[in-house]
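Chemist: Below, each chain spelled out in residue letters.
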Amino acid sequence: MRGPTARWSGGVIALHWLSAAWLALVFALGLAATTADLDAARKFDLYQTHKALGWLTLVLLAARLAARAAGAPPPPAPSWSRATRWSSRFVHAALYALLAAIPLIGWLRVSSAIVPIPVSLFGLATIPDIAPIDGDFSEGMAFAHKLGAWALAALVTLHVAAALKHQFADRDAIFYRMWPRSGGPTS
Amino acid sequence: MTACPISTSPRAAAWLVAAVVSAAAFADRSSGAALEHGAWRIDPARTHIGFVVDAVGFPRTKGEFRVFNGRLSIDLDRPAASRVTFTVSSDSIDVGSSSFDDTLRGPNFLDAQRFPDIHFESTQVEKRDESTIDLTGDLTLLGVTRPLTVEVEVKRLGGARLAFVAHARIDRLSYGMNSGFPIISRDVDLTVSSEALAG
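Sequence lines, in order, name chains A and B. Counting in our numbering, the first sequence runs from 1 upward without gaps. Counting in our numbering, the second sequence runs from 188 upward without gaps.
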């Protein structure tokens, strides 16, 4: 129909799905670190792995934004209503905002924590702190980090639900724009 | 200081126990250093230097130090002249996670690079009752030396074997280890257990 412009670039698609899997892992690690009944050593390792992979989501996000900026995004489908366009735009903007804010807030939480345990990239590098030690501020950041993570989980649910609606209810094949293999009427 | 003869009298045994407990607690596991003069010998496989630290919102951290050595002199005629020294290698901390160990070795906690050793030197030995001894000495941690009293429980296991358990509570803040307080408790509970064999 629209040829290559109707799909996201290979780089954007690859980074999107890598990001999805990565975030699911980081979310699961964070949830386990804060709620699982484990001994101190296992809990420490879970926190440190969550912190390392979580910090790396910032790198992943930068790569995604670069890949996205490198090519023109596919245009909205002609069948979309104004409301659909705006809600799509809003949800995507909110997703990107949370993808940037949550790890940054986590980084602030770790940096300002009374217990000084910096982010370590698996012993290869230590990420510097970006805030002075402040217990109340750190606890506030921890709350915001958790709130942001659940907001992101809710938005991702909405994002997936919308993709499924487009695929199975609207049958507009929008889903294939982000699928590794092309298909459907727009391919 | 005199030699440390094997004695069968209960009084002498009690003092011997005091000394052995201290030595057992901090014996060199790798060499199995025993009491001087061969009177008693530490069982390195049954020697354990453990510690416990509490924190808010985090499980109780339990760990141990794996490298240590001790020296012991006993004067049965003048128990107060008995002497115990021991040294624990800060670097040998083990809490069951290499990443956690590295953090505890780091500058915020044990600062093992600047202060490789934790050192104890006895200044007084007092018998509390037939099975308990108070061992007082100076503990040097992070370059700060402060008095510390270790409570030692002694148990005869039968034959020529003795079991010892020593307890001490260390206020880490008084040694300048302030990181993480008050989320991480100021008290560190130290428990040293060991067994010694006669002959």
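If you're looking for bench data, these hints aren't it; they were derived computationally from the structure. Here a beta-carbon is modelled for each residue, glycine too, at the ideal position from N, C-alpha and C. Keep in mind that a hint or two might mislead.
[Claimed, not checked] Pairs of lysine-lysine residues, derived as DSSO-like cross-links and limited to a Cα-Cα distance of at most 30 Å, are as follows:
| # | chain 1 | residue 1 | chain 2 | residue 2 |
| --- | --- | --- | --- | --- |
| 1 | A | LYS146 | B | LYS342 |
| 2 | B | LYS314 | A | LYS43 |
| 3 | A | LYS146 | A | LYS165 |
[As the list claims (entries may be wrong)] Partner residues aside, some chain B positions facing chain A, computed with beta carbon under 10 Å:
| # | residue |
| --- | --- |
| 4 | SER318 |
| 5 | GLY330 |
| 6 | PRO369 |
Chemist: With a cut-off of 10 Å, does the beta carbon of B:GLY330 approach a beta carbon of chain A closely enough for the hint to hold?
Modeler: Cβ of B:GLY330 sits 20 Å from chain A, so the hint is violated.
Chemist: Between the alpha carbons of A:LYS146 and A:LYS165, is the straight-line distance 30 Å or under?
Modeler: holds (28 Å)
Chemist: Does B:SER318 pass the interface check with chain A, least Cβ-Cβ distance below 10 Å?
Modeler: violated (32 Å)
Chemist: Can B:PRO369 be said to touch chain A, with a Cβ gap under 10 Å?
Modeler: holds (8 Å)
Chemist: Is A:LYS146 within 30 Å of B:LYS342, Cα to Cα?
Modeler: violated (51 Å)
Chemist: Quickly compare the C-alpha distance for B:LYS314 and A:LYS43 to 30 Å and report which way the hint goes.
Modeler: Answer violated: B:LYS314 to A:LYS43 is near 42 Å, above 30 Å.
Taken one by one, the earlier hints fail for this structure at numbers 1, 2, 4, 5, listed in ascending order.
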